[in-house]
Amino acid sequence: MSDKSPRTEGALPPATLDDPHLLPSTRNPKRMEALAALAMLVGTAGFVAFIVAYWVNASNRWEALTLGIGMLGLGVGVIAWGKYLMPQGPFVEERHDFHSTDDERSAFNAAITGRGGLEVKRRKVLLGVFALGGGIMTLALLIPGVRSLGPKPAKSEDNQGPTESSLFTTNWKKGSKLVTVGGRPVMVDDLELGGVLTVFPQGFEGSSPDQVILLRLAQLGPNDPPYPIAPPGRTDWGVQGYVAYSKLCTHLGCPVGLYQQRTQQLVCPCHQSIFNVNAGAVPEFGPAPRPLPQLPITVDPTGQMRANGSFDQAVGPGFWERP
Amino acid sequence: MTTETPRRPALARLAAPAALVGAVAIFGLVAFSSGPASADTTTAPGASTGTVPGAQPGTVQQTPTAVTAVPSPTAAAAATSPANETGIYYTDLPNSFIAPGQALFAANCSSCHGAEANGKIGVGPNLQGLGAGTVDFWVSTGRMPLAALTVQATRKPPRFNRIQTLEIAAWVQSLTPGQGTKVPVVHTASADLEAGNTLFTLNCAACHTISGAGDALAEGAFAPSLHLATPTQVVEAIRSGPGNMPRFGPGNITNTEARDIAAYVTGVLQHPNNAGGAGLGGIGPVGEGFVGLLIGVGVLMLVCFWIGDRA
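So the sequences go chain by chain: A and B. In terms of this note's numbering, the first sequence opens at residue 1 and continues consecutively. In terms of this note's numbering, the second sequence opens at residue 324 and continues consecutively.
With the rest of the complex left out, here is chain B:
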């Protein structure tokens, strides 16, 4: 045994303590970033207006992807419209939309759903009676037209712009007037985000997860991420229950409550307040565990070397 170990270069001696400090910092980031942000703001960052449901003023002629984007903060100031006590009113689409809607439907939808939207057995479901809001949800989220036959339709850039989407919805609605879900106009400016937080936790978080990231269900089905949803789409999904999602009528979730949920999803979940800086997608223990194992265990090994290497 030698009585004196040779001194290592200064850089090598500093490496392990530096790694320890770095690891503590990273763990701090992760720990304080987990979970959704608290609903400590009082107004949502965006709102829709009453002119065209789900669209911002002056954006109706834009490309479809632009229409689905999160409403800009400037739109909140323009949110003045009648019937606004609940924050939601359900609009009747103009009759002038019906004829162009029929043409769009015949060209893009009828091969699966039939010329009269009454479905084809084993190919596409009957759409009659579902209402314009249901059609708007499926088309505006890009789920329809379907790209491939999978267990569940997935969100993708919509094929139609806002007006075209509503024209298709108007035509399907005109087949069964008064039935199904109408297209909601959602004013999130005066929403109660704290109530939205509670309602989301009670009704939505079981499947969509507390951060809205979505998760797997049974037999290939999954609850999708909510990070691209617009307030209109959130309310349409609540009311129409697309796919395997349960339907929530006004007797279960009132219009005001649906508005609060939509505001919470678009205002808080889509803009998480990751105080530490790295939210890691909010997907829970898998992602955080991966980072913990990779960085944490690696750093622990460095620390072990450091402890064992007494001067």
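Here chain A stands alone, though its shape is the one from the complex:
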């Protein structure tokens, strides 16, 4: 919009039939007028028929039909009138520009910045302290970001023994004893059916990447198999109803510790991912993209629970180099 656009001065002129805004949107207004009139006449006939039907005490069906025809016909006619013959718009209300003149603006800017600049120049000590604080603040905000860029996760082949920084491997090995966070070895009869316990490989109690949730699954229903339905190739990964899964959610790595023993679901508290522990911990709901990795477990002759191997994949959430 510019100042050159014509402005309406004073009151709007009275409406006339040669107003350009009254151009109908249809190409053949005469025909559309006839059609709308026809529809309304059909509707009128329907209403007349309704009065007759009511008068002669015809069945409800006839009353409904005639009243329906009346309303339909009248409605179609009115809609056609409004849609094809009424002024369509859009109507633009012209308005002048709110812009101040360029002279006014530059004068205002000069007044503000000039005075502010004078005040800044007068307080040299404050300016220096502020610059120092701002610089240190920038550094403080940058350092954590730069620090979190490294180090690169160690590859499994060049991994000199398991470390906390390895995203690919855990400290679980074939034969690792399952122990509680307090270091107590887990025996095969420690958990009831429907029990749950967080375990670690012996020697790494409390190590976050190694945490494993050990479950002893109760029978789902009287006609269900007593022990978990193992996915293909994993029939010997559990023992006596026990199954063990990595406790790190495959979404963002929260500890998946909420166990519903009756429905045999593990719930992640962060984003409500639900894993079906009776079928390989596949995600049933929520943002988790993969099943929880399963740890193969076994029982040694003394009744102690041991890992029968390591995880077959990286635990926890995905990362770029994840195979």
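Because the hints were derived from the structure by calculation, they are not lab data. Don't take every hint at face value.
Claimed, not checked - Per label pair, the in silico range of CB-to-CB distance:
id, chain 1, residue 1, chain 2, residue 2, range
1, A, G175, B, T409, 52 to 60 Å
2, A, T198, B, F628, 27 to 35 Å
3, B, F628, A, I136, 29 to 37 Å
4, A, A131, B, V620, 28 to 36 Å
What the hints assert, rightly or not - What the simulated footprint calls covered on chain A by chain B, stretch by stretch (three residues with Cβ under 8 Å from a Cβ of chain B suffice, anywhere in the stretch; the number is not a length):
id, stretch
5, 48 to 54
6, 70 to 84
7, 122 to 128
8, 237 to 250
9, 262 to 268
Virtual Cβ for every residue (Gly too), placed ideally from N, Cα, C.
Given chain A, put chain B in place with the hints provided.
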């Protein structure tokens, strides 16, 4: 531009600084009240005695709601009974309870669970083999008899008094002697609250939340609040795993540890030490965020007005 703004009334000039001070005070209250209190006391405020499991001396004839109330501090002194090294012993209910229990069961429970408590498919589960402790948990917390078929039974005032509850439990236990969870008698007086804190954090807080307020689980299920639980009910729930709760046997949580958890729940979580004065229910970021937004943002706006309104 006028060179001098008119002075506002003194009250209006004081309003914004007063609001700022008030806001800081309220934030202080909230910040120092969040989370459960630390386990800095050495004895729980209440304990049960060995006469009737889960009841206080002399209260067995009271109304059901009174029996589920938190044990009074005076009961701690009366906590002397045999077999007390672990703090829990499991009691056998007297045989005289069985006959009245059967009558109560027939009148109140059998329509869903069957006359022999062996369940009806699709209506009520089989109770045989679950033991007296399981029955006591469901009935004493008011979850049974069920009020309505929902995803999960909810706690409500119990229908039966302590003796009646134990009579029903005794009859169900008599169908399968020796099986299931017995009714525990819990002595919380000598409990280790610090150990209870650690054990609660490890085993219970994932679902019941660190303040014991409870939270939602999957598909309509939820972990209930623990703020009305008695020590007996806590141990019964640990041992029997009601509903979707996992079961924790003595190989996982020993009797002493279960006693410590019960003492921590009833002694610390149910009496949170909100140093600031307003715990906001301990339900976490939703409640605290609501207060923070409503009061905090409101006050920040007042502060903005105050800053912008230079004299």
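How the hints compare with the structure:
Between A/G175 and B/T409 the beta carbon distance is about 34 Å. The supplied range of 52 to 60 Å is therefore violated. Between A/T198 and B/F628 the CB atoms are about 52 Å apart, so this pair departs from the stated range of 27 to 35 Å. Taking 29 to 37 Å as the suggested C-beta distance range, the pair B/F628 and A/I136 conforms, at roughly 31 Å. With their beta carbons about 31 Å apart, A/A131 and B/V620 fall inside the hinted range of 28 to 36 Å.
Proximity of the stretch 48 to 54 of chain A to chain B, defined as three or more residues with a beta carbon under 8 Å from a beta carbon of that chain, is not established by the 0 residues found. By the rule of at least three residues with a Cβ nearer than 8 Å to a Cβ of chain B, the coverage given for the stretch 70 to 84 of chain A is violated, with 0 such residues. Beta-carbon proximity to chain B at under 8 Å applies to 0 residues in the stretch 122 to 128 of chain A; the threshold of 3 is not reached and the given coverage is violated. Taking a C-beta to C-beta cut-off of 8 Å, the stretch 237 to 250 of chain A contributes 0 residues in contact with chain B, too few for the three needed, and the coverage statement is violated.
Residues of the stretch 262 to 268 of chain A with a Cβ under 8 Å from some Cβ of chain B number 4, which satisfies the need for three, so the listed coverage holds.
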